[in-house]
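> Protein chains in written order, with UniProt numbering: chain A, 1 to 291; chain B, 1 to 291; chain C, 1 to 291; chain D, 1 to 291.
Just to be clear, a hint being listed does not mean it is correct.
Distance windows between CB atoms, simulated [to be verified]:
| hint | chain 1 | residue 1 | chain 2 | residue 2 | range |
| --- | --- | --- | --- | --- | --- |
| 1 | D | TYR242 | C | ARG85 | 26 to 32 Å |
| 2 | D | PRO164 | B | GLY2 | 34 to 40 Å |
| 3 | A | PRO193 | C | GLY72 | 52 to 58 Å |
| 4 | D | PRO25 | A | PRO278 | 55 to 61 Å |
| 5 | D | PRO278 | A | ARG108 | 50 to 56 Å |
| 6 | C | ALA187 | A | GLU276 | 21 to 27 Å |
| 7 | B | GLU275 | A | THR166 | 56 to 62 Å |
| 8 | D | ASP158 | C | ARG85 | 37 to 43 Å |
If we take Cβ atoms under 10 Å as the criterion, some of the chain A residues that face chain C in the derived model are [claimed, not checked]:
| hint | residue |
| --- | --- |
| 9 | GLY6 |
| 10 | VAL15 |
| 11 | HIS19 |
| 12 | ASP50 |
| 13 | LEU55 |
| 14 | ALA56 |
| 15 | THR148 |
| 16 | GLU151 |
| 17 | GLU159 |
| 18 | LEU200 |
| 19 | ARG233 |
| 20 | HIS240 |
| 21 | PHE249 |
No lab work stands behind these hints, which were simulated from the structure alone.
Positions of the beta carbon are idealized from the N, C-alpha and C atoms, including for glycine.
The chain contents come next:
There are 4 protein chains.
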Amino acid sequence: MGIVLGANQYGKAEVRLVHVDRSTPRHVLTDLNISTHLRGAFDATYLTGDNASVLATDTQKNTVYAFARKFGVDEPEDFAIRLGRHFIESQEPVQGAQIEIDQLPWDRLDDHSFARPGGERRTTSVTFDGDQVWVVSGLTDLVVLKTTGSEFHGFPRDEYTTLPETTDRILATSVTARWRYSSADLAFGEIYPAIRSVLLETFSATHSLALQQTLYAMGRAVLEKFGDVAEVRLSMPNKHHYLADLSPFGLDNPNEVFIAGDRPYGLIEGQVLREEAPDAGSAWQFVPGFA
Amino acid sequence: MGIVLGANQYGKAEVRLVHVDRSTPRHVLTDLNISTHLRGAFDATYLTGDNASVLATDTQKNTVYAFARKFGVDEPEDFAIRLGRHFIESQEPVQGAQIEIDQLPWDRLDDHSFARPGGERRTTSVTFDGDQVWVVSGLTDLVVLKTTGSEFHGFPRDEYTTLPETTDRILATSVTARWRYSSADLAFGEIYPAIRSVLLETFSATHSLALQQTLYAMGRAVLEKFGDVAEVRLSMPNKHHYLADLSPFGLDNPNEVFIAGDRPYGLIEGQVLREEAPDAGSAWQFVPGFA
Amino acid sequence: MGIVLGANQYGKAEVRLVHVDRSTPRHVLTDLNISTHLRGAFDATYLTGDNASVLATDTQKNTVYAFARKFGVDEPEDFAIRLGRHFIESQEPVQGAQIEIDQLPWDRLDDHSFARPGGERRTTSVTFDGDQVWVVSGLTDLVVLKTTGSEFHGFPRDEYTTLPETTDRILATSVTARWRYSSADLAFGEIYPAIRSVLLETFSATHSLALQQTLYAMGRAVLEKFGDVAEVRLSMPNKHHYLADLSPFGLDNPNEVFIAGDRPYGLIEGQVLREEAPDAGSAWQFVPGFA
Amino acid sequence: MGIVLGANQYGKAEVRLVHVDRSTPRHVLTDLNISTHLRGAFDATYLTGDNASVLATDTQKNTVYAFARKFGVDEPEDFAIRLGRHFIESQEPVQGAQIEIDQLPWDRLDDHSFARPGGERRTTSVTFDGDQVWVVSGLTDLVVLKTTGSEFHGFPRDEYTTLPETTDRILATSVTARWRYSSADLAFGEIYPAIRSVLLETFSATHSLALQQTLYAMGRAVLEKFGDVAEVRLSMPNKHHYLADLSPFGLDNPNEVFIAGDRPYGLIEGQVLREEAPDAGSAWQFVPGFA
Chain A
1 MGIVLGANQY GKAEVRLVHV DRSTPRHVLT DLNISTHLRG AFDATYLTGD
51 NASVLATDTQ KNTVYAFARK FGVDEPEDFA IRLGRHFIES QEPVQGAQIE
101 IDQLPWDRLD DHSFARPGGE RRTTSVTFDG DQVWVVSGLT DLVVLKTTGS
151 EFHGFPRDEY TTLPETTDRI LATSVTARWR YSSADLAFGE IYPAIRSVLL
201 ETFSATHSLA LQQTLYAMGR AVLEKFGDVA EVRLSMPNKH HYLADLSPFG
251 LDNPNEVFIA GDRPYGLIEG QVLREEAPDA GSAWQFVPGF A
Chain B
1 MGIVLGANQY GKAEVRLVHV DRSTPRHVLT DLNISTHLRG AFDATYLTGD
51 NASVLATDTQ KNTVYAFARK FGVDEPEDFA IRLGRHFIES QEPVQGAQIE
101 IDQLPWDRLD DHSFARPGGE RRTTSVTFDG DQVWVVSGLT DLVVLKTTGS
151 EFHGFPRDEY TTLPETTDRI LATSVTARWR YSSADLAFGE IYPAIRSVLL
201 ETFSATHSLA LQQTLYAMGR AVLEKFGDVA EVRLSMPNKH HYLADLSPFG
251 LDNPNEVFIA GDRPYGLIEG QVLREEAPDA GSAWQFVPGF A
Chain C
1 MGIVLGANQY GKAEVRLVHV DRSTPRHVLT DLNISTHLRG AFDATYLTGD
51 NASVLATDTQ KNTVYAFARK FGVDEPEDFA IRLGRHFIES QEPVQGAQIE
101 IDQLPWDRLD DHSFARPGGE RRTTSVTFDG DQVWVVSGLT DLVVLKTTGS
151 EFHGFPRDEY TTLPETTDRI LATSVTARWR YSSADLAFGE IYPAIRSVLL
201 ETFSATHSLA LQQTLYAMGR AVLEKFGDVA EVRLSMPNKH HYLADLSPFG
251 LDNPNEVFIA GDRPYGLIEG QVLREEAPDA GSAWQFVPGF A
Chain D
1 MGIVLGANQY GKAEVRLVHV DRSTPRHVLT DLNISTHLRG AFDATYLTGD
51 NASVLATDTQ KNTVYAFARK FGVDEPEDFA IRLGRHFIES QEPVQGAQIE
101 IDQLPWDRLD DHSFARPGGE RRTTSVTFDG DQVWVVSGLT DLVVLKTTGS
151 EFHGFPRDEY TTLPETTDRI LATSVTARWR YSSADLAFGE IYPAIRSVLL
201 ETFSATHSLA LQQTLYAMGR AVLEKFGDVA EVRLSMPNKH HYLADLSPFG
251 LDNPNEVFIA GDRPYGLIEG QVLREEAPDA GSAWQFVPGF A
């Protein structure tokens with residue numbers, strides 16, 4: 001029974017690119033963290049150390065910075081598509097690629113000063129398989145909380161169940177959402193904040209009977225409003241807020257004082273999609289951390 | 001030559017308190033990370049394991065949650081003062097205390113839904129030494145950047161100096177600022193955002209010849225505008241943005257494409273104070289990470 | 001075009017279990033971080049918030065602790081198999097599961113004292129699909145370095161290539177390895193340290209012409225020596241050590257002084273498998289971060 | 001009332017130096033994280049941006065790498081002393097300095113291959129004030145645990161006390177220890193592992209009635225055995241392991257199944273010193289995180 005090389009990819013991870021557009025006095029700042037992954041006819045380097053086909057990861061990094069100068073930095077999706085096409089078209093052994101970009105947000109203070117709000121990041125993962133391309137965009141670390149409008153009851157009770165039922169609890173989560181577009185030719189810069197708003201509004205407006213229900217409602221709302229989105233995948237940890245038991249101190253606690261827990265946490269992951277969505281191909285194959 | 005116990009303190013670190021004020025339909029959410037440190041006549045526990053004077057750290061934690069219910073959670077400074085006084089007044093062996101509180105910010109989405117912007121935190125450290133109390137408040141992780149308006153030249157060149165002079169560079173830092181109030185009886189909730197604004201405005205408005213100059217300008221501006229602040233201490237890492245060398249690719253780079261570096265980083269720390277400020281006592285003794 | 005729920009799972013992540021076996025004075029300490037994920041007939045909770053089928057994640061956590069008492073904690077693989085079978089057999093709606101366990105290592109100091117070496121962790125991910133079960137074990141954060149015996153040359157040079165060729169460089173990486181066993185009934189506690197040794201020995205013994213070659217050699221060596229392993233997947237970041245340019249100071253640098261870089265880093269990921277390995281089914285579907 | 005500049009320092013933080021001694025085929029690997037802080041006559045740069053006295057932090061970094069080549073890298077303390085003296089002696093405005101070095105440990109696999117155990121780090125902080133020098137060395141992140149031999153009872157009970165007394169609990173902590181030597185001319189490489197062993201042995205051998213007692217015993221043991229150590233400061237978080245309550249499941253729990261908690265945690269900090277130790281001067285002024 002022989003031993004063979006299976007699926008593989010290689011590239012440069014976390015290339016930190018900051019771009020300043022100075023074409024007007026009101027500078028535009030773009031802050032990206034870029035990872036490139038190449039796939040193709042690279043067996044020789046694994047089997048014998050022959051690197052004749054291996055575009056160095058250092059070269060991939062150089063290409064990122066050179067392209068930023070040559071073409072500017074527009075939307076992360078467009079920049080990723082340009083990079084991926086370049087690697088596939090210019091290097092014969094490269095047959096596929098995945099370009100991942102996280103964008104770090106900055107708030108404007110004046111024409112050339114900025115403050116970074118931290119936390120949340122816009123993400124994109126563009127996958128190439130020969131001529132085909134899939135764009136999966138999203139956001140990560142969007143932390144949201146509701147102080148009411150969340151219940152959890154009616155679940156089965158087995159011999160290990162101690163959780164009381166509740167009709168009013170804090171619901172908090174850190175949303176990671178990724179959605180697959182049905183096209184690679186969209187106004188990504190306009191659609192992103194619109195989807196983000198729908199996610200926030202739906203979290204806020206949904207009276208929750210389970211975090212699963214909130215997750216599905218958020219995914220569904222995006223699909224209902226954005227015809228160019230084929231599917232949405234959401235990963236939502238249940239960041240538990242435990243009601244403090246103040247009875248030993250002769251105090252009640254009418255849903256007012258909570259202990260924010262670190263670990264463990266519930267973790268809900270799900271996919272919402274159109275019944276006749278175009279095939280996902282390998283779009284999700286290398287996207288980390290998703291059902 | 002004998003061996004003796006020197007300075008010591010003990011307490012409970014990182015008590016995560018989330019408080020919801022439901023007195024109106026527009027809920028008020030307060031999210032705090034609280035650490036208590038007690039000092040006093042605790043030699044016996046160190047020397048013999050006699051715990052008769054040692055208020056358990058678990059009890060300190062319980063007190064935090066009980067006080068949140070009994071008194072509500074107002075400004076972090078006021079909550080810290082109330083906690084510290086309680087420990088000193090109710091426990092004979094407790095002669096001093098330091099109560100540290102970090103506040104995690106939340107942005108309101110609607111009456112009872114919130115999103116957390118991440119990054120920056122408001123901080124306070126209240127120190128008690130018998131009847132005396134000092135309030136040191138501040139903020140941490142305030143990340144700011146200027147795309148122009150920053151120079152660095154005129155520095156000495158020794159045999160190890162290779163850095164070129166520049167009249168236009170990116171200046172970026174993550175501000176940790178702590179300021180000591182000259183009173184423990186102030187409208188802390190009003191003064192905090194005002195000081196934060198002055199720090200941001202001064203960073204933005206200062207044409208910088210050195211990060212040191214920016215640091216001093218920021219501290220001075222706070223002292224000039226806020227008579228109740230006795231001194232300001234600032235720690236500002238220079239988050240280097242290296243101009244990418246694109247000349248190997250036949251490209252110029254007119255301050256447009258930058259490599260954001262992780263390590264190493266410059267680190268500038270300084271204190272700005274009033275000449276006749278009241279004595280700091282032990283206010284800074286246990287405040288981490290400061291010159 | 002209808003909108004439907006797709007793949008989904010839910011569970012409790014990062015349940016921190018520490019177990020002490022006191023059956024002899026020489027205590028045995030086991031420190032685990034356990035995540036449970038359940039799959040099955042859970043559509044109702046997503047669509048309507050009906051939780052009649054949803055075994056609470058709190059109950060899953062309780063089960064972990066109760067099982068540790070009832071059955072003890074043996075090898076992580078065996079504990080995961082027992083947990084997974086319980087959820088599938090006792091809860092009708094549960095049709096599949098993934099149980100992930102990371103083990104934190106402890107070194108013994110004496111009969112009941114231990115020190116934790118940090119860093120590296122043993123991992124397992126056991127996947128159930130109805131009656132079938134797959135065991136994927138591995139390790140993560142195994143940081144290794146060679147000061148010589150590593151070359152990199154012969155790679156193509158395009159217009160963005162500046163990297164010089166080298167016949168002697170530092171090679172450093174943080175190995176994440178996962179291997180799929182062809183059986184769920186093995187002496188996991190014996191095979192784990194043996195595979196770990198083979199990985200280390202092969203890293204050490206392989207004269208490297210590319211990190212890809214080292215990766216393949218490590219995977220192949222495991223398959224050659226362990227008939228019960230069907231495939232190995234490896235993710236190996238190239239933790240770059242840049243030779244410091246000391247020429248401005250009139251100094252040479254014969255591979256002696258290096259700058260350890262943080263970001264970016266090369267990232268090599270690959271799979272080595274037996275040609276006639278049993279089918280992987282959904283064993284890898286939810287394993288994070290792998291090609 | 002005037003506003004003035006107070007205490008200040010600046011430098012380069014986290015210079016990552018890896019040094020390979022190839023003088024024999026059995027390579028010696030040294031992995032350091034170095035921060036330099038300079039103090040002196042630097043008012044002009046803060047007040048007016050005049051940098052004529054400001055040795056660039058980039059130059060400080062270059063000096064680290066050049067010195068590693070010129071002098072090799074011996075013990076961290078010796079390397080720090082050499083660096084600090086250089087800055088003070090070669091730059092007239094520099095009147096004081098603090099050089100901090102963390103050493104990352106590596107275990108040898110063969111003549112030129114190594115594995116990094118992670119976790120624990122050896123540290124040193126060398127402070128210069130004109131001609132004077134103080135050496136404060138230590139370790140951080142030394143995680144230790146005892147499964148028995150730890151009690152906690154006899155503490156006062158106020159209205160907020162709910163903690164039960166115990167005569168057998170898990171005691172776990174992550175030790176940060178720093179000790180001040182009474183000389184800068186010692187065989188630091190020999191004394192370090194000896195002190196580390198005494199800390200571990202004392203943790204292990206002490207029957208603990210309070211973590212405070214264990215802390216003091218550890219500090220005292222170092223002073224008793226090492227005449228060149230003037231004082232020891234220890235920071236020891238109490239990493240709580242909560243006994244799981246299994247009674248709802250009809251199970252007892254005879255100190256066997258524990259929940260490892262993240263936050264909050266007790267935090268014990270204390271100093272043990274010789275009565276007639278030489279003055280500490282500014283040795284501790286800028287050492288982070290210590291009472």
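> Have a go at the A/HIS19 hint: is there a Cβ in chain C nearer than 10 Å to its own Cβ?
violated, 16 Å
> Under 10 Å, Cβ to Cβ, is where A/ASP50 needs to be relative to chain C, so tell me if that hint holds or is violated.
holds, 7 Å
> Kindly confirm whether 52 to 58 Å is satisfied by the beta carbon distance between A/PRO193 and C/GLY72.
Given a distance of about 53 Å, which is inside 52 to 58 Å, the answer is holds.
> Please verify that hint: A/GLY6, Cβ, nearest Cβ of chain C, below 10 Å or not.
Interface hint status for A/GLY6: holds (3 Å vs cutoff 10 Å).
> Can the suggested window of 37 to 43 Å be confirmed for the beta-carbon pair D/ASP158 and C/ARG85?
For C/ARG85 against D/ASP158, whose Cβ atoms are near 48 Å apart, the range 37 to 43 Å is violated.
> Let me know if the C-beta of A/GLU151 comes in closer than 10 Å to any C-beta of chain C, holds or violated.
holds, 8 Å
> Take the C-beta atom of C/ALA187 and the C-beta atom of A/GLU276, compute their distance, and say whether it sits inside 21 to 27 Å.
violated, 50 Å
> Would you say the C-beta atoms of D/PRO164 and B/GLY2 sit inside 34 to 40 Å of each other?
Roughly 37 Å apart at Cβ, these two residues keep to the hinted range, so it holds.
> Could you check the hint for me, namely that D/PRO278 and A/ARG108 are 50 to 56 Å apart, CB to CB?
holds, 55 Å
> Please check whether A/HIS240 passes as an interface residue: C-beta within 10 Å of a C-beta belonging to chain C.
Since the shortest Cβ distance to chain C is 9 Å, the answer is holds.
> With chain C as the partner, please determine if A/LEU55 meets the hint condition of a C-beta pair closer than 10 Å.
At 6 Å from the nearest chain C Cβ, A/LEU55 passes the 10 Å test, so the hint holds.
> Should the hint that A/PHE249 touches chain C count as held when the rule is a Cβ pair under 10 Å?
violated, 25 Å
Taken one by one, the earlier hints fail for this structure at numbers 6, 8, 11, 15, 18, 21, listed in ascending order.
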